[in-house]
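Engineer: Here is how the chains run, residue by residue.
2 protein chains.
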Amino acid sequence: MTINAAFYRGNKTFVVEKTEAQAPGAGEVAVRVAYCGICGTDMHVFHGNMDARVGHNRIVGHEMSGVIETLGDGVDGLKVGQKVVVRPLDPDLECPASKAGYPHISHNLKFLGLDTDGAMQEIWTVPAHTIHVLPDDMRMDHAALIEPVAVACHDVRLSELQPGEDVVVIGGGPIGILCAMVARDAGGNVVLSEVNEARLAIAEKLGFDTVNPAKEDLKAVIEARTGGKGADVVFEVSGSQPGVDAMTAVAATRARIVMVAIHAQKPTIDLFQFFWRELKLIGARVYEPEDYEKAIEIVKNGGVDADTVITDVSPLADIQKAFEELDSSPTALKSLIKVGDV
Amino acid sequence: MTINAAFYRGNKTFVVEKTEAQAPGAGEVAVRVAYCGICGTDMHVFHGNMDARVGHNRIVGHEMSGVIETLGDGVDGLKVGQKVVVRPLDPDLECPASKAGYPHISHNLKFLGLDTDGAMQEIWTVPAHTIHVLPDDMRMDHAALIEPVAVACHDVRLSELQPGEDVVVIGGGPIGILCAMVARDAGGNVVLSEVNEARLAIAEKLGFDTVNPAKEDLKAVIEARTGGKGADVVFEVSGSQPGVDAMTAVAATRARIVMVAIHAQKPTIDLFQFFWRELKLIGARVYEPEDYEKAIEIVKNGGVDADTVITDVSPLADIQKAFEELDSSPTALKSLIKVGDV
Numbered sequence: 001m002t003i004n005a006a007f008y009r010g011n012k013t014f015v016v017e018k019t020e021a022q023a024p025g026a027g028e029v030a031v032r033v034a035y036c037g038i039c040g041t042d043m044h045v046f047h048g049n050m051d052a053r054v055g056h057n058r059i060v061g062h063e064m065s066g067v068i069e070t071l072g073d074g075v076d077g078l079k080v081g082q083k084v085v086v087r088p089l090d091p092d093l094e095c096p097a098s099k100a101g102y103p104h105i106s107h108n109l110k111f112l113g114l115d116t117d118g119a120m121q122e123i124w125t126v127p128a129h130t131i132h133v134l135p136d137d138m139r140m141d142h143a144a145l146i147e148p149v150a151v152a153c154h155d156v157r158l159s160e161l162q163p164g165e166d167v168v169v170i171g172g173g174p175i176g177i178l179c180a181m182v183a184r185d186a187g188g189n190v191v192l193s194e195v196n197e198a199r200l201a202i203a204e205k206l207g208f209d210t211v212n213p214a215k216e217d218l219k220a221v222i223e224a225r226t227g228g229k230g231a232d233v234v235f236e237v238s239g240s241q242p243g244v245d246a247m248t249a250v251a252a253t254r255a256r257i258v259m260v261a262i263h264a265q266k267p268t269i270d271l272f273q274f275f276w277r278e279l280k281l282i283g284a285r286v287y288e289p290e291d292y293e294k295a296i297e298i299v300k301n302g303g304v305d306a307d308t309v310i311t312d313v314s315p316l317a318d319i320q321k322a323f324e325e326l327d328s329s330p331t332a333l334k335s336l337i338k339v340g341d342v
Numbered sequence: 001m002t003i004n005a006a007f008y009r010g011n012k013t014f015v016v017e018k019t020e021a022q023a024p025g026a027g028e029v030a031v032r033v034a035y036c037g038i039c040g041t042d043m044h045v046f047h048g049n050m051d052a053r054v055g056h057n058r059i060v061g062h063e064m065s066g067v068i069e070t071l072g073d074g075v076d077g078l079k080v081g082q083k084v085v086v087r088p089l090d091p092d093l094e095c096p097a098s099k100a101g102y103p104h105i106s107h108n109l110k111f112l113g114l115d116t117d118g119a120m121q122e123i124w125t126v127p128a129h130t131i132h133v134l135p136d137d138m139r140m141d142h143a144a145l146i147e148p149v150a151v152a153c154h155d156v157r158l159s160e161l162q163p164g165e166d167v168v169v170i171g172g173g174p175i176g177i178l179c180a181m182v183a184r185d186a187g188g189n190v191v192l193s194e195v196n197e198a199r200l201a202i203a204e205k206l207g208f209d210t211v212n213p214a215k216e217d218l219k220a221v222i223e224a225r226t227g228g229k230g231a232d233v234v235f236e237v238s239g240s241q242p243g244v245d246a247m248t249a250v251a252a253t254r255a256r257i258v259m260v261a262i263h264a265q266k267p268t269i270d271l272f273q274f275f276w277r278e279l280k281l282i283g284a285r286v287y288e289p290e291d292y293e294k295a296i297e298i299v300k301n302g303g304v305d306a307d308t309v310i311t312d313v314s315p316l317a318d319i320q321k322a323f324e325e326l327d328s329s330p331t332a333l334k335s336l337i338k339v340g341d342v
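Protein chains in written order, with this note's numbering: chain A, 1 to 342; chain B, 1 to 342.
Chain A on its own, in the form it takes in the complex (with noise of 0.2 Å):
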């Protein structure tokens, strides 16, 4: 079969062209793409920052949603036509993190859409391991936010958040803001910290308490809210000095702190606190299946606010259009292409 596909050549380009669609092998299931968000990765890609890992013929695309068009052989509990999601994660599952319990960070993961070709295409073929089943009247597009929202059910799970505890995110980009509404969910009392002010505009819309730390101190504003306690759970998201300086500034005793940015640089901490307040630094990466099932219930429930989310959705024509404009915008939080028609 014939179809659509946005290949990225490198030099900040995505051309669309026809392509055969991969027919499912064993054990796999090729899906009918609706909807594909942009992520901070296919950023990455755009900027050609990961051209060693995805080369210059890469159909990129993770953050999607679709339907069903055509079952592997050996693929028991799933049908032809239902509205779907794909966990992009295929583990190696021989390695010791794998066999540790640890499938979704093993240490020779792929990541489909990165290290295979992904959903920015019609008809994407995937492991069927991958798939999760969507409610029959979930909206697709909104569907398309489940990959990043499970990336904050799983930060927030690994926090072991309790509700009424008080929770500060360090960062106001979409992870951020979906970690900040992934933890009121559960019952957290969040404050957001963000220096960009379009992105608190959005924060406050959402109906987030926010900071802008280079106008206030953000330590003192948590420590007030608390009566001195501090903050009982931090998600530094903003991948920055400061944020990391931050994270530890307003931790309460014994608060768990996340660590859900990337950190390409090495930054310097303050590790004395961790000592003299014991307190706890967890790292968080990617998502489990409980995490998904999870983003499903939220998105379902309007625990996710996806129309104010989803600031912009092109059609799969224009994603060359849609990166340069995601790049450039101080407004955008979430952008979706719109694959197909499904």
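The set of hints was computed from the structure by calculation and includes no laboratory data. Any given hint could turn out to be false.
[Claimed, not checked] Dumping the calculated DMTMM-like pairs for lysine to aspartate or glutamate here, alpha-carbon to alpha-carbon at most 25 Å:
#1 229/B to 90/A
#2 219/B to 92/A
#3 229/A to 92/B
#4 219/B to 94/A
#5 266/A to 51/A
#6 300/B to 136/B
#7 266/A to 270/B
#8 266/A to 217/B
#9 229/A to 288/B
#10 219/A to 204/A
#11 205/B to 141/B
[Said to hold, decoys possible] Label-pair ranges, simulated between beta-carbon atoms:
#12 290/A to 265/B: 35 to 45 Å
#13 242/A to 209/B: 40 to 50 Å
#14 329/B to 215/A: 49 to 59 Å
#15 94/A to 53/B: 53 to 63 Å
#16 137/B to 129/A: 56 to 66 Å
#17 209/B to 94/A: 23 to 33 Å
#18 264/B to 324/A: 45 to 55 Å
#19 212/B to 242/A: 31 to 41 Å
#20 160/A to 293/B: 21 to 31 Å
#21 25/A to 264/B: 55 to 65 Å
#22 228/B to 115/A: 17 to 27 Å
#23 290/B to 10/A: 51 to 61 Å
#24 107/A to 293/B: 34 to 44 Å
C-beta atoms are modelled at their ideal positions from N, C-alpha and C, and glycine is treated no differently.
Keeping the supplied structure of chain A fixed, place chain B upon it in accordance with the hints.
Structural biologist: Chain B only, in chain A's frame:
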């Protein structure tokens, strides 16, 4: 009652003088001190680094053993003549940390022997809530190790170490050696990393596998021992930048890294590894009552080789010489002061 006491008078000087023993007030207990170990913190006092906190007329010491001499009014459950140790923490029970269940690290914690006079005197009067009773047959010199062993018990408990797990202890000073012993007692498969050859020799005498990371590639050694998995639990006890670099390098996926050391400087840290392998960093400070009970049990059962750890014993009259020798000795591990005849 007139007793002998050692006063820190600044300028690397201890002076032993007669003084009046403090009679126990309501809720207090007077303890006749047998032995008192010299802690790294006491050495900081000796070097003048803590003059602002301790002043120039302080009796230091908190790693002690003794026998109850007198009970103040309203003290129940204790008897004159009992062998005891003191858990030298006097918390502020009204602060948020205490209210959250962590009085051992309360915001305004008083540490006995630093913020108040300590155990380098023949009679030490302390709040009754700090007392732990010892088995009748425990040796008083061995019992002086219970305080630092309780530190190690706290570190190992917070690590959630399971029998059979691979452990790396980074730093082979007294606390590192004790962490290694308590981790081994808990069933850990321990490797100790240390650059000081004299300390390595002691660790080997104690039966530990050791690595000198100045001579061998610690990460490669641990990977080879664990089939590429890495260490499940890491104790960072070195307080050094190379130690902070090593703690992430040797860690397995989802490893727990316990921050035991006091990092006065802010080191750089490989936060990417926390994200990538979902590592956990756990700050650990002093101890809780159950750690003291565990330490008493381990010292009693020989899980800590007290005779090897205690490398010197000096009478109170020689405290000045004991500090000077410990300061310059490459082979000393734990130096005790025999404070009085008990």
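Engineer: Which constraints among the numbered hints does this structure fail? Numbers only, ascending.
Structural biologist: The structure breaks none of the hints.
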